[in-house]
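What follows is the residue order along each chain.
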Amino acid sequence: MKPRFRQSMGWLHTWAGFAFAWLLFFIFVTGSAGYFENEIDRWMMPEIAVVNKPIDDFSVLTSAEQQLDTLAADATQWYISYPTGRDPYIGISWLQPANAELGTARQWHKKFLSPDTGNTITARKTSGGETLYRLHYNLHYVPVLIGYLVTSLATLFMLIGLVTGVIIHKKIFIEFFTFRKGKGLRSWLDIHNVFSVLPLPFHLMITYSGLILLMGVSFFPVIDNTYGVSKKMHRQFYDESQVEDKQQQIIDLNTTELSLKAILTDAKARYENQNVSYLGLIDRNTEQPGFEVWFEGDEGLEFATLMTYRMVNGQVQLEKSLGKAHSAAKVYDILEHLHEGLFADIYLRWLYFISGLLGAAMIASGMIIWVKKRQKQQTIFINLIDRLNAAVIVGLPIAIAGYFWSNRLLPLAMVNRAAWEVHSLFIVFAACICFCAVSSTDKVWKSMLWIAAIAYALLPLGNILTTEHSLLASAQNSDWLMLGFDLIMLLFAACFALAAALIKNKDNKTVQA
Amino acid sequence: MLILMQILLQLLAFTLLSLSLTRHYSQVMSQAQRLAKSTVLTFRISGYLLLTTAIIYAVYSWGWALGLVYSLATATLVSTFLAVLLTYKPHYLAFVIIPFKPKDLTL
Amino acid sequence: MNFTTKHLITFNVTCRVLIALVGGYLLSALSAVLIATHLPGDKINSIITGLMCTFIIYTLTVIFVFAAKTTLRAGIGVLVPCLLVYCFNHYFNGISV
Numbered sequence: 007m008k009p010r011f012r013q014s015m016g017w018l019h020t021w022a023g024f025a026f027a028w029l030l031f032f033i034f035v036t037g038s039a040g041y042f043e044n045e046i047d048r049w050m051m052p053e054i055a056v057v058n059k060p061i062d063d064f065s066v067l068t069s070a071e072q073q074l075d076t077l078a079a080d081a082t083q084w085y086i087s088y089p090t091g092r093d094p095y096i097g098i099s100w101l102q103p104a105n106a107e108l109g110t111a112r113q114w115h116k117k118f119l120s121p122d123t124g125n126t127i128t129a130r131k132t133s134g135g136e137t138l139y140r141l142h143y144n145l146h147y148v149p150v151l152i153g154y155l156v157t158s159l160a161t162l163f164m165l166i167g168l169v170t171g172v173i174i175h176k177k178i179f180i181e182f183f184t185f186r187k188g189k190g191l192r193s194w195l196d197i198h199n200v201f202s203v204l205p206l207p208f209h210l211m212i213t214y215s216g217l218i219l220l221m222g223v224s225f226f227p228v229i230d231n232t233y234g235v236s237k238k239m240h241r242q243f244y245d246e247s248q249v250e251d252k253q254q255q256i257i258d259l260n261t262t263e264l265s266l267k268a269i270l271t272d273a274k275a276r277y278e279n280q281n282v283s284y285l286g287l288i289d290r291n292t293e294q295p296g297f298e299v300w301f302e303g304d305e306g307l308e309f310a311t312l313m314t315y316r317m318v319n320g321q322v323q324l325e326k327s328l329g330k331a332h333s334a335a336k337v338y339d340i341l342e343h344l345h346e347g348l349f350a351d352i353y354l355r356w357l358y359f360i361s362g363l364l365g366a367a368m369i370a371s372g373m374i375i376w377v378k379k380r381q382k383q384q385t386i387f388i389n390l391i392d393r394l395n396a397a398v399i400v401g402l403p404i405a406i407a408g409y410f411w412s413n414r415l416l417p418l419a420m421v422n423r424a425a426w427e428v429h430s431l432f433i434v435f436a437a438c439i440c441f442c443a444v445s446s447t448d449k450v451w452k453s454m455l456w457i458a459a460i461a462y463a464l465l466p467l468g469n470i471l472t473t474e475h476s477l478l479a480s481a482q483n484s485d486w487l488m489l490g491f492d493l494i495m496l497l498f499a500a501c502f503a504l505a506a507a508l509i510k511n512k513d514n515k516t517v518q519a
Numbered sequence: 013m014l015i016l017m018q019i020l021l022q023l024l025a026f027t028l029l030s031l032s033l034t035r036h037y038s039q040v041m042s043q044a045q046r047l048a049k050s051t052v053l054t055f056r057i058s059g060y061l062l063l064t065t066a067i068i069y070a071v072y073s074w075g076w077a078l079g080l081v082y083s084l085a086t087a088t089l090v091s092t093f094l095a096v097l098l099t100y101k102p103h104y105l106a107f108v109i110i111p112f113k114p115k116d117l118t119l
Numbered sequence: 784m785n786f787t788t789k790h791l792i793t794f795n796v797t798c799r800v801l802i803a804l805v806g807g808y809l810l811s812a813l814s815a816v817l818i819a820t821h822l823p824g825d826k827i828n829s830i831i832t833g834l835m836c837t838f839i840i841y842t843l844t845v846i847f848v849f850a851a852k853t854t855l856r857a858g859i860g861v862l863v864p865c866l867l868v869y870c871f872n873h874y875f876n877g878i879s880v
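Protein chains in written order, with the numbering used here: chain A, 7 to 519; chain B, 13 to 119; chain C, 784 to 880.
All the pointers check out, no bait thrown in.
FRET-style restraints, in silico, Cβ to Cβ: (1) A/Gln384 x C/Val863: 40 to 48 Å; (2) A/Leu390 x B/Leu53: 48 to 56 Å; (3) C/Lys852 x A/Lys252: 54 to 62 Å.
The set of hints was computed from the structure by calculation and includes no laboratory data.
Since we're looking at a predicted model, the values are computed, not measured.
From the three backbone atoms N, C-alpha and C, an ideal C-beta is built for every residue, glycine too.
All chains should be modelled from the sequences, with the hints used to inform the complete structure.
Structure representation (structure tokens):
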């Protein structure tokens, strides 16, 4: 493209980054929010009663089994979730088979139990954290396949941007810590470097593993040509690659019929220091039902393990998974787990979240630099990009605040309530774009930042007014997730307010919060 | 506790590494300063040694996979923190230089 | 910059983008097939390994296409390896993409 290698790479870096910057920003922000999926879920279902004192595992089992017996007698799978650090409440879920008479499809149901009475609590219908993080690869409104392909393509551009970025950055070590404030474009370049270089291991890992996760979709012709054409063969390839090594042993349990209670007793005796996170009963109503025990903290980086008990020829067989059978599948598994971060404790989880936001900030600062380098031209196009930058970079956080607000404000009995929560996210997003299109260029960043600050600052207040969860009540109730969420919203509000206060009306040179 | 140890080790390591760079050394000293080669070397070697120690320690406590994740995550946290500190409050790092100061002034 | 050179640049850039995206995809998919069929050992393993290499090859190809001196050279540089790998696959396995 250009006479010198570095210049060509600079050109590629600029335009590969520019091409999908907004989409990538969207992917990074919603994906980062996904690291707190369970915590967001808790906030969006304020009806749940948290377990804030030690609780007897067996009494939980008794009341859960009672409820499941009445609610889910003909379900094929039962799960009981025990209170854990990230989900401090008791839940039951079951898989209801399709019913031709009623015309209902096979589907999962979930209810929560009150730790005091053992009665069920029905939480409000919500899209929760799951839909929010799924946005980052399915894009919600488009068909799933298109969503996968578009996000894969964007991620490929991200990878190209990262590699070329490393190539063109001449003084990667000398300027490792460098941020020169108050120097216009120079400061923006510095901050772009800081956001990219310092979390570079994270950026490379998340980008590459993101591509790998969807490789079966984006590179399906390879499977066609080496394994077999057709959906069925793809399915078979997937199943075969997921085969796990299993350790099986016959144990002496002194019983002829397994029950959840018996296996809970056995599991607790086997692993005294571990907390049970799930009990499962699969293949119910068959000859050989399986009883599963999941432990908290067994969600390892290499693999997640569980124990399955079954009756085999009158004896009890205990089966434990040892990870994927194929060595390449093991690598794939590690990358997948690194991407999802389910193994992360609270420290790593926060670093995942922060690194993800740094990635979003890297993209945002890159876009701002793109505009700044061309601002002298004063064309309508550059001006439009600048406005749209404000609409996306600050508008997306506002839209997510809108998503949280809709959870509290939409009527509880509304039809399709959960779907409308997501609609409101995109409605607010669209409103932000409209606002940025009409407001004056000089003030657009400042006003957007103030709107974001207000939207986040008022969330805890909205929580107090619409539910009984105030900051004080949450603290008294040791409801740390609710309290933490509200406090983080205030922190976000403070960051946006700080950015708004620092920003100069005409020349927006400030640190992105 | 292991995490705290990891943070402290890496904080010290990255501080030493940043001080081996003239720009940050001057920031901390609040005057332009040419660094003697020996000082740069001391900072750099001790910095890298500490960093290696931190990584080995992490691998030792968590195993290969998790150890590397922990140390890289901590590196991101610590270096970002240092970048902010060096920009806005560089003097907080002066304590590391004090033992070297007299030697440098003579050069 | 006059009218014609401007158009020439646009044409060149469009060509390179196409070569990079389409050619890069072809080359990485073909190489993945090559790896999947020729790596010793388990078949599933080889396919997964091949698939995991695609994105590295893709990225390198894109970088090459934009680093090449002329668009023609970029085109040839992608096309020739594609043909080579294709012939190799075809000749040894009778596989056609």
